[in-house]
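Asks: These are the residues of each chain, in order.
Protein chains: 2
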Amino acid sequence: MSAISRIATLRDVMNHNRVDAYLVPTSDPHLSEYLPEHFKSRQWLSGFNGSAGTLVVTQSYAALWTDSRYFLQAEEELSGTGIELCKMGTPGTLSIESWLVSKLNKRSTLGFDGRLFPFSNAQATIAKLKQHKLSVNSKLDLISQIWSNRPTLPNQKAFGLELRYTGATVSDKLGAIRIELQKANATSCVLTTLDDVAWTFNIRGNDIEFNPVTLAYGYVSIDDAILFIDSSKVDASLAESLLCEGVDILPYSRAEQFYSKLAKDEVVALDPMRTNYQIFSSILKRNRIFETTSIPTLLKAKKNAVELENIRQAMIKDGVALTRFLIWLEEALVREKIDEFNVGEKIREFRSKQELFVSESFGPIVGYADHGAIVHYSATPQSAYKIEQKGFLLIDSGGQYIDGTTDITRTIHLSEPTPQEASDYTLVLKGMIQLSMAKFPSGTRGTQLDALARIAMWREGINYGHGTGHGVGAFLNVHEGPQSIRPNENPITLEPGMVQSNEPAIYRTGQYGIRIENLIACIGSFENEYGKFYQFETLTLCPIDTKAIVLEMLTPEERKWINEYHSMVYEKLASKLTAKEAKWLKKKTHAL
Amino acid sequence: MSAISRIATLRDVMNHNRVDAYLVPTSDPHLSEYLPEHFKSRQWLSGFNGSAGTLVVTQSYAALWTDSRYFLQAEEELSGTGIELCKMGTPGTLSIESWLVSKLNKRSTLGFDGRLFPFSNAQATIAKLKQHKLSVNSKLDLISQIWSNRPTLPNQKAFGLELRYTGATVSDKLGAIRIELQKANATSCVLTTLDDVAWTFNIRGNDIEFNPVTLAYGYVSIDDAILFIDSSKVDASLAESLLCEGVDILPYSRAEQFYSKLAKDEVVALDPMRTNYQIFSSILKRNRIFETTSIPTLLKAKKNAVELENIRQAMIKDGVALTRFLIWLEEALVREKIDEFNVGEKIREFRSKQELFVSESFGPIVGYADHGAIVHYSATPQSAYKIEQKGFLLIDSGGQYIDGTTDITRTIHLSEPTPQEASDYTLVLKGMIQLSMAKFPSGTRGTQLDALARIAMWREGINYGHGTGHGVGAFLNVHEGPQSIRPNENPITLEPGMVQSNEPAIYRTGQYGIRIENLIACIGSFENEYGKFYQFETLTLCPIDTKAIVLEMLTPEERKWINEYHSMVYEKLASKLTAKEAKWLKKKTHAL
Chain C
162 MSAISRIATL RDVMNHNRVD AYLVPTSDPH LSEYLPEHFK SRQWLSGFNG SAGTLVVTQS
222 YAALWTDSRY FLQAEEELSG TGIELCKMGT PGTLSIESWL VSKLNKRSTL GFDGRLFPFS
282 NAQATIAKLK QHKLSVNSKL DLISQIWSNR PTLPNQKAFG LELRYTGATV SDKLGAIRIE
342 LQKANATSCV LTTLDDVAWT FNIRGNDIEF NPVTLAYGYV SIDDAILFID SSKVDASLAE
402 SLLCEGVDIL PYSRAEQFYS KLAKDEVVAL DPMRTNYQIF SSILKRNRIF ETTSIPTLLK
462 AKKNAVELEN IRQAMIKDGV ALTRFLIWLE EALVREKIDE FNVGEKIREF RSKQELFVSE
522 SFGPIVGYAD HGAIVHYSAT PQSAYKIEQK GFLLIDSGGQ YIDGTTDITR TIHLSEPTPQ
582 EASDYTLVLK GMIQLSMAKF PSGTRGTQLD ALARIAMWRE GINYGHGTGH GVGAFLNVHE
642 GPQSIRPNEN PITLEPGMVQ SNEPAIYRTG QYGIRIENLI ACIGSFENEY GKFYQFETLT
702 LCPIDTKAIV LEMLTPEERK WINEYHSMVY EKLASKLTAK EAKWLKKKTH AL
Chain Y
162 MSAISRIATL RDVMNHNRVD AYLVPTSDPH LSEYLPEHFK SRQWLSGFNG SAGTLVVTQS
222 YAALWTDSRY FLQAEEELSG TGIELCKMGT PGTLSIESWL VSKLNKRSTL GFDGRLFPFS
282 NAQATIAKLK QHKLSVNSKL DLISQIWSNR PTLPNQKAFG LELRYTGATV SDKLGAIRIE
342 LQKANATSCV LTTLDDVAWT FNIRGNDIEF NPVTLAYGYV SIDDAILFID SSKVDASLAE
402 SLLCEGVDIL PYSRAEQFYS KLAKDEVVAL DPMRTNYQIF SSILKRNRIF ETTSIPTLLK
462 AKKNAVELEN IRQAMIKDGV ALTRFLIWLE EALVREKIDE FNVGEKIREF RSKQELFVSE
522 SFGPIVGYAD HGAIVHYSAT PQSAYKIEQK GFLLIDSGGQ YIDGTTDITR TIHLSEPTPQ
582 EASDYTLVLK GMIQLSMAKF PSGTRGTQLD ALARIAMWRE GINYGHGTGH GVGAFLNVHE
642 GPQSIRPNEN PITLEPGMVQ SNEPAIYRTG QYGIRIENLI ACIGSFENEY GKFYQFETLT
702 LCPIDTKAIV LEMLTPEERK WINEYHSMVY EKLASKLTAK EAKWLKKKTH AL
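Quick note, the sequences are listed as chains C and Y, same order. FYI, our numbering numbers position 227 of the first sequence as 388, with every residue one higher than the one before it. FYI, our numbering numbers position 333 of the second sequence as 494, with every residue one higher than the one before it.
Just chain C, same shape as in the assembly (with noise of 0.2 Å):
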């Protein structure tokens, strides 16, 4: 079946339902940002692939916004289709409310279904779409109508995570977000993201590629504490441990009416950004809401002390692996035909043999010569480009160990760079080292620090279009808020135990791209009259290549920290390795 008759499919549907247009987004209930396949319905009825995206559908109309990464893909995938493609940020683009306003008769009625979007999101459409005098069917469900041969929700085995590597049990968690919910004069909350599950339950699971999720729904009141869950992928004695903690367990089918269903007098902490249409307006019908970030995903930003000392130990292995990989790199360049492709495949070999590997945490960014400047570029077999010596070659990958998540970008240069090459590393380097060398008082936000890492390259002209860093699970998404390091504003303050990237970079259209990322943690400094300071602890352990650097743009202090960053790499990973792959690494990360 093709999209052509799988919109058409839509459209009698539609008509059936009497609404005039249909939003499908890329979306999950549970707002994730990687779908099980189950969600992938956007990608099914459109045939476009990319991981962002969304189709709307009059009788008339069908068209597909998506953003700069996914313009050459979309516009391939579309064709034949006739899905016109609406390219985000590109002057003359209608968002999709004034496509609809332009599309719609006064009156047309736009369905969706209000258990993909964000309640702040499809609040602020349906407010511009009433003040057009066209009406919102939020609650329809069209794809499970049409979607015939779809794939079942996931249904993997959900597994506990011990207490030596969580450092806190499932009471110490309801605990704290009990404390906070009377701090904030609030009953209960409803946890509905994969990951405030996750932690909040100290249970992991393998539904969704790259996040160690299991599909489940959570509520934690003063008193209770419900998991909802199919009983199919909770075994006996998680089951036991659970209840054992207070928690009861429900099935997944069931949470939306439990939350529709509150007790009146109930006081519910709700993220309006990161809970779903459906679920927030059922209990905003009933229960007062104290709109915040959601409490989980507060408290598990702040890693403790035994889930730092774990990521240091999984950043070891990671650093194990990747050495390991820059050496076969290496001679492979000079013995083999290799691609980026190839590239991406072995980094994940080479970390599939450290202890307590699961997975990769995100698909590896790979890419050589030109495609390194395109920020998410993700190699295929037919994509993928030789790799030859010269030039940069950016990669940026990451694992899950049961002990913590890694997120690396490592740019390596393959012959004799070029002045603009040389500077332009430079330049990234010093932005990198500029943060990860802050000293600040707490209640700085990410936004104050942001242009640490900026002000070198802007002094030539050049910037980069994404943040600078954001927020890392412990075993959990390789993004997670709510803290951030970019320009826009943030109300988060960078708090101690928060881990996040830390990863500035330099793009050449048509030429190369450069990143160089660590993961660091805000732990203590000072504490003087002045108040209190925090700092960043550098967790990534990985050499930086010193080919390309400039020695005389960096300050005395930038170079005295790419050598104790170097000597502190190999002190830690030396005795991992065999003498010979130390002997490499001693090389690598020899004093500038």
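It is worth saying that the hints were derived from the structure and are not from the lab. Quick reminder that beta carbons are idealized off the backbone N, C-alpha and C, glycines included. Misleading hints may appear alongside valid ones.
Covered, in the sense of this in silico footprint (three residues per stretch, anywhere, with C-beta under 8 Å from a C-beta of chain Y), are these stretches of chain C [stated by the list, open to error]: (1) 607-614; (2) 622-629; (3) 644-658; (4) 688-698.
The following residues of chain Y were derived to be distant from chain C, with all beta-carbon distances above 12 Å [as the list claims (entries may be wrong)]: (5) PRO252; (6) GLN284; (7) GLU406; (8) VAL711.
Restraint-style ranges between C-beta atoms, simulated for each label pair [what the hints assert, rightly or not]: (9) Y/LYS289 with C/LEU445: 18 to 26 Å; (10) C/LEU517 with Y/THR254: 26 to 34 Å; (11) Y/ARG268 with C/LEU445: 27 to 35 Å; (12) Y/PRO717 with C/THR254: 41 to 49 Å.
Go by the hints and put chain Y onto chain C.
Replies: Then chain Y, alone, in the frame of chain C:
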């Protein structure tokens, strides 16, 4: 009549007007920073002379909220009045709203004069009180009923500012405002802050100390422009020229009523934070409001080329005055007994000899030794320290010239700095230089740059409790919006033409304060594939004391910056000085 008897009288009229509590803020209907005597009712009523504070009176209690700058002064001045001092920002101090809730019975009524509060603040206060079943009468001016010898409204002549200073005619400015109105789908805006009115109509005045503004309101619609001002303040030629530019003149007292009776189909662009509650509410009753940062405020912030060139000229004169002052200071310290108060007087004396000088732009802050650590210290003949030949002297002062407004801080060491003094001084200087050297892409907010001025001291565990930069007017208020460079989020982006201060500092309580402040203009820098970049031009011209600089703490770039700055200072000032003065300046601006 004492504070006690005045408050007793207030309580009588409160009774009469059936309000149980009354708020007296430090404000006027234009929400000015500096008040005409007519509006100093909080001061008249309480006997407390500080520039900030809110008095709250009930039948049984009276309390005054002020900030840490005034704790000592307020304690002294309120002693014996029965007015409780509520120290803002001190643990345990209730907010005014919470205090009211604790003191009043349910269904009590709070009264205030809605013309003296920003709409957004009053709205928030009313909402909180209503939650606690308290009602509010926001149209109650009780002060007029009890203040018998109240000073009249200021009635100094207004004067037109010539095109060679404004760089744009009133018609140009009305045109620019109308373009912004149309962009916002609004039809008019009301101008309630005195500097918005002064800028729009190219008028200035002498109604308020330090701010060269005149008491007036304004109104601009697509077709009309009205200046509400007392006819006695406008001479025939000014009135004539305004009429020629399409401005109608109506009495000051007519503005409020006019605003409350706009045509019903008008959509009014209004700033809820800079428009008083009464005016905003009365418009809200009839008209649609487009909430925005005040349009004239946004336009005014971006100085045009003529204004910038004039400011550069004013800076030369200010630099000459300050050079002469610094020479005088050096000699006076050896020769005679001088104190902080004398120093402030002397600076004004030197400035007043410069062409086009009008007044100081704020009361001088001359803080010797530990007085320097009091951020807004204002020396009186009584409080003034004698200045000896040791330690730091901090001098923050500014002038109003017809061609520009200045604001400058220098901190001078009067003997041999200790290692801590030298290190602190150098950290402040590094911060000031780093911000001066910044280049940044268009779209950058001050919040993103603030840390550049702090990172060096943060890394030593030091911070300062105020912003790094405030906007500065062109022969207008020394503090103007909408941009700022501070840790707090402010969505306004820095744009070419914006002039702001750059004033990092270190305060050692009980020891000394160090602040170094220049004014800097945002100007264009690069334009390339990464977009548009901006940088700063330093406007202030005055040597920076080099005695306490630890040269080894400066990067080569920072050292180069200060040498280039000093050679520019010498180059621009020398020809305006006597040979002897120029020789002194040569020595002070010698390359490091």
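Asks: All hints are to be evaluated individually against the structure, with a verdict given for each.
Replies: Status of the hints after comparison with the structure:
1. 607-614: holds (count 6)
2. 622-629: holds (count 3)
3. 644-658: Answer holds; 3 residues pass the 8 Å Cβ test.
4. 688-698: Since 5 is at least three, the answer is holds.
5. PRO252: Holds: least Cβ distance 14 Å, greater than 12 Å.
6. GLN284: holds (19 Å)
7. GLU406: holds (37 Å)
8. VAL711: Holds: least Cβ distance 15 Å, greater than 12 Å.
9. Y/LYS289 with C/LEU445: 18 to 26 Å: Since Y/LYS289 and C/LEU445 have Cβ atoms about 23 Å apart, the given range 18 to 26 Å holds.
10. C/LEU517 with Y/THR254: 26 to 34 Å: For Y/THR254 against C/LEU517, whose Cβ atoms are near 52 Å apart, the range 26 to 34 Å is violated.
11. Y/ARG268 with C/LEU445: 27 to 35 Å: holds (30 Å)
12. Y/PRO717 with C/THR254: 41 to 49 Å: With a Cβ separation near 47 Å, Y/PRO717 and C/THR254 satisfy 41 to 49 Å, so the hint holds.
In summary, the one numbered hint that this structure violates is 10.
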